[in-house]
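Quick mapping for you: the protein sequence lines, in order, are chains Y and V.
Going by my numbering, 175 is the number at position 175 of the first sequence; the sequence numbering is gapless.
Going by my numbering, 45 is the number at position 45 of the second sequence; the sequence numbering is gapless.
The hints are all genuine.
It does not matter which identical chain is meant; a pair holds if it fits inside one copy or across any two.
Straight-line distance between alpha carbons at most 20 Å, and here's what the computed PhoX-like set of lysine-lysine pairs gives:
#1 K336 with K362
#2 K369 with K336
#3 K379 with K362
#4 K289 with K379
In short, the hints are calculated from the structure, not lab data.
Owing to the predicted nature of the structure, the values given are computational and were not obtained by experimental measurement.
Chain by chain, the residues:
Protein chains: 2
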Amino acid sequence: MKSVFLNTYSRFEFEDLLQSFPPVGTETVAFNRSCYRVLAEELISPEELPAARRSSMDGYALRAADAFGASDNNPAYLECTRRLEVNEYPDFTLQSGECAWIATGGVLPQDADSVVMVEYTQEIGSATIEIRQSVAPGENMMERGEDATIGQRMILPGSRLRPQEVGLLAALGITEVTVHRRPRVAILSTGNELVAATEHPAPGQVRDVNAHTIACLAEEAGGEPIHCGIVGDHLEELLPALKSALAQSDVVFLSGGSSKGTRDLTIAALSEIPGADILAHGVRISPGKPTILARVGTKGVVGLPGQVGSAQVVMAVLGRPFLRHLAGDHQAFSQKLRPLRQARLGRNLYSRQGREDFVRVKLEPGPEKTLLAQPVMGKSGLLRSLLQSDGLLVIPAEVEGFQAGEDVEVWLL
Amino acid sequence: MKSVFLNTYSRFEFEDLLQSFPPVGTETVAFNRSCYRVLAEELISPEELPAARRSSMDGYALRAADAFGASDNNPAYLECTRRLEVNEYPDFTLQSGECAWIATGGVLPQDADSVVMVEYTQEIGSATIEIRQSVAPGENMMERGEDATIGQRMILPGSRLRPQEVGLLAALGITEVTVHRRPRVAILSTGNELVAATEHPAPGQVRDVNAHTIACLAEEAGGEPIHCGIVGDHLEELLPALKSALAQSDVVFLSGGSSKGTRDLTIAALSEIPGADILAHGVRISPGKPTILARVGTKGVVGLPGQVGSAQVVMAVLGRPFLRHLAGDHQAFSQKLRPLRQARLGRNLYSRQGREDFVRVKLEPGPEKTLLAQPVMGKSGLLRSLLQSDGLLVIPAEVEGFQAGEDVEVWLL
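So that you can see chain Y by itself, here it is in the shape it has in the complex (with noise of 0.2 Å):
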């Protein structure tokens, strides 16, 4: 162990240490199989998007030139030559004086440049067209390659492969894509008290229930959880548990008692590992003080508070966005895309200053479409008021408070 700090820092510059990790390795997969996985190469565009000058509507194929100023009262008349099946690429040209009816998606003939919209035509007699509209050259047609040029950089490295990125690999026809692995996130559960959820607590003993929240907020962050099973509370049990889980994984959140034995064994263990690198003894949010960040080589580990509610919030508030960075994402800490709600406070609420609060919240309908914030009270310790909330309201460190009545913002659970 390098240096002990014992120091507690704000979520911020928590947050700050949590990026100092790398992300995981990258691994390729078929561009179907992509979706919400991190892209780790540039992806460069192959091919001409779209690969022909098509129609955006149903219409005709003009020349703009030849329906310049036409309108209601002035008509223009134009021979439709052709009917273009969507499917068709034309290989005629189209001259001064001709139209032609495209579907949307159709490809224009050549020396066409632009398509009037079916609404604004009408047939006259067989083959003459009344264009009661003029377009622009461009007008209601894609340009060959406006979508992508060969050779044009499409998607950046870190990025999140939201659907309409899978539709532009199927568009052009990149099956194959290279991503960042699925953190691998080894949960271990340390307690004499806990046994597995499958078992029947004797007296005094209680199941283990934050492994299990845990490896669904993990699974739910893109990592793939490895359950490493129960330890007692002592350092011949716990360290050679921590270093088989660090062995198979990319980060270990352990998850202990809250007591403070608990959290000095944990540092415990840490010391006996060589070259384990104590970051952070305590995290300035509450719940969710008690938590400890450690560096061994390049893996993470987390030590969360034991109690199930301020586990859970540790998880909901860093350990999410601490294992989408490590699946490199570069947008895993911005605000911009974290999933919340403004809301009314349905009640006064203090908090002390100093600390970031996380109050659990209930929403419910209020007044004009807005939602109420209703705090959800429970002892600590007990699963009914994480099981009542909808989100946690966020009371920032230099506030007091809030009163009733004022707009809030809430983290949905």
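Chain Y is already provided as a structure; the job is to place chain V on it using the hints.
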């Protein structure tokens, strides 16, 4: 086909139509594979939780009466008779004047009724503890059964299981639950110009993009996508493909060209299917107006617009909540938990009244921690504007538009 309504519906009316479909059937899954699935049964607690009276703090278990009125100036002195292990089930009765060291999670001895936090205590000599704060009976401890009593209804059918609900299952030792199946979502593309994403298009052809964006969105909404391939714009191809898609799925998403011809073809194919009932011929949203909804038996058929961007908006606005509804989620259409953000509009935006407009926007940091919503312009049919967008700004049907600087609601994409 029973009837054809040539009406279009508002989004809210359309949502009512979607909600008239029954949820899919059920299956039994292991509790630790149940996260984000929808519970199909009432979850009844088989046990008391906590099973014993437990401390929620590190400190001393005592009889509150023994520390009545205790303070810094007037401490109480108790004899510490035991140090309780966290997994110990104490078989003794705490006498008046006694206390016992207890860690968070530890079981209280009989006749102890509260815990004083270690911070308000001091060891005086070997067995005497100075108590500097009074506590109320029940303080800093959890009563037996406070989270759950035997036979108590814990989770209602139709609830989506979040990490905290999975935690409750673990705590109660419930290892299997009955949830709704994932809806099987058949995806069928129509268009003479379409080829598979893995193929090289001939001149005039394009690769099928919609099948893949729809599959991603369906999977995200809890569905199980089934790719049913591409068929040409001919009734003799579409009709058997549609029948086959219906036979192997709970709902069919048909994505065709957006030309009038394709829409007519979809209607024609549905008209040939015995018992098919066309519920809607359009929805008053933009983009997305030419959306078709039909019922065949208990199954739904949704005809999406062919333009990639329009299809994605319809999937995000209607398709995803529809799939959540089919998966049994009783909050599928609730506004409460939709991922959205408040933002300030970057520039004036006008809208035609009478329809709800969904405008693609990019979110940028604005002044004072606000977000600026910048409309992303781009020709319909291009992928580029979809790739640049973070969300959809909603302009309600009764609103003419928004001014730059106004607060607007953005649905994250």
